[in-house]
Amino acid sequence: AQTVTQSQPEMSVQEAETVTLSCTYDTSESDYYLFWYKQPPSRQMILVIRQEAYKQQNATENRFSVNFQKAAKSFSLKISDSQLGDAAMYFCAYEHAGTYKYIFGTGTRLKVLA
Amino acid sequence: KAGVTQTPRYLIKTRGQQVTLSCSPISGHRSVSWYQQTPGQGLQFLFEYFSETQRNKGNFPGRFSGRQFSNSRSEMNVSTLELGDSALYLCASSSGTSGASGTDTQYFGPGTRLTVL
Chain W
1 AQTVTQSQPE MSVQEAETVT LSCTYDTSES DYYLFWYKQP PSRQMILVIR QEAYKQQNAT
61 ENRFSVNFQK AAKSFSLKIS DSQLGDAAMY FCAYEHAGTY KYIFGTGTRL KVLA
Chain A
1001 KAGVTQTPRY LIKTRGQQVT LSCSPISGHR SVSWYQQTPG QGLQFLFEYF SETQRNKGNF
1061 PGRFSGRQFS NSRSEMNVST LELGDSALYL CASSSGTSGA SGTDTQYFGP GTRLTVL
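So the sequence lines, in the order shown, correspond to chains W and A.
Heads up: the first sequence at position 97 corresponds to 97 in the working numbering, and the numbers run straight through without jumps.
Heads up: the second sequence at position 11 corresponds to 1011 in the working numbering, and the numbers run straight through without jumps.
In short, the hints are calculated from the structure, not lab data.
Everything numeric in this text was worked out from a predicted model, so none of it was measured.
The beta carbon of each residue, even a glycine, is placed where N, CA and C say it ideally should be.
Wrong hints could be hidden among the right ones.
[Unchecked claim] Derived DEER-like restraints, expressed as beta-carbon distance ranges:
hint, chain 1, residue 1, chain 2, residue 2, range
1, A, 1013, W, 42, 19 to 29 Å
2, A, 1020, W, 85, 27 to 37 Å
3, A, 1038, W, 81, 30 to 40 Å
4, W, 15, A, 1057, 39 to 49 Å
5, A, 1008, W, 72, 37 to 47 Å
6, A, 1027, W, 40, 37 to 47 Å
7, A, 1020, W, 67, 40 to 50 Å
8, A, 1038, W, 28, 23 to 33 Å
9, A, 1059, W, 58, 26 to 36 Å
10, A, 1115, W, 41, 16 to 26 Å
Full structure from sequences and hints, please.
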């Protein structure tokens, strides 16, 4: 069975600094996608970034980038120039391609300190 | 484009009752997935519908059911409510067609907060 592990329940970062959130996963599949979602206190889940397993290049979206280590089954999220609005729960998710069944980690609560 | 909408946003029921939650996907999206979010179990997949057919389901009892209409709107029903069904129920939509990059990406609605007393 596929699993997703986020080992950091809570992280803090100073405004304008960089923070990295960790995620590891376990799967025997070769075709899959990985995602990071953000859930602010308003509770609407927002897609931050996605990564296709077949792509070696790490995905980036503005201040957000990932470090995808396929052999190690690691998928960390780096947030650069942290802003107060980045404060939220961050969930890592895995999908065996084509199943539309996401498996989520337990989340990391990110606090941004002014 | 309008995002995923869910109604109602909040619901209070008592044990033994049944409840129906509604989800309208992003225009053009044909896949709708449902998730239950609780502090203890986190986010868990309930089921996914595409073109009125359930394609995948999670490990939930038969009290949890769903359906999808021809306009891609979806409903989920929980019968004989239990206290443990109190949760945030999230709906997500995606294009649903495999192959092209990005089509698996799910976009979430604001959720329905169900409280069972």
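Here's how the hints hold up against the structure:
1. Taking the beta carbon of each, residue 1013/A and residue 42/W are about 23 Å apart, inside 19 to 29 Å as hinted.
2. For the hinted restraint 27 to 37 Å between residue 1020/A and residue 85/W, the CB-CB distance of approximately 35 Å keeps it satisfied.
3. For the pair residue 1038/A and residue 81/W, the supplied restraint of 30 to 40 Å holds, since their beta-carbon distance comes to about 34 Å.
4. Distance hint check: the CB atoms of residue 15/W and residue 1057/A are about 43 Å apart, consistent with the given range 39 to 49 Å.
5. For residue 1008/A and residue 72/W, the Cβ-Cβ distance of about 44 Å falls inside the hinted range of 37 to 47 Å, so the restraint holds.
6. At about 24 Å, the beta-carbon gap between residue 1027/A and residue 40/W misses the expected band of 37 to 47 Å.
7. For residue 1020/A and residue 67/W, the hinted distance range of 40 to 50 Å is satisfied, since their beta carbons lie about 43 Å from each other.
8. As the Cβ distance of residue 1038/A to residue 28/W is approximately 28 Å, the hint placing it in 23 to 33 Å holds.
9. At roughly 33 Å, the beta carbons of residue 1059/A and residue 58/W sit within the given window of 26 to 36 Å.
10. Under the hint 16 to 26 Å, the C-beta atoms of residue 1115/A and residue 41/W, about 18 Å apart, fit the expected range.
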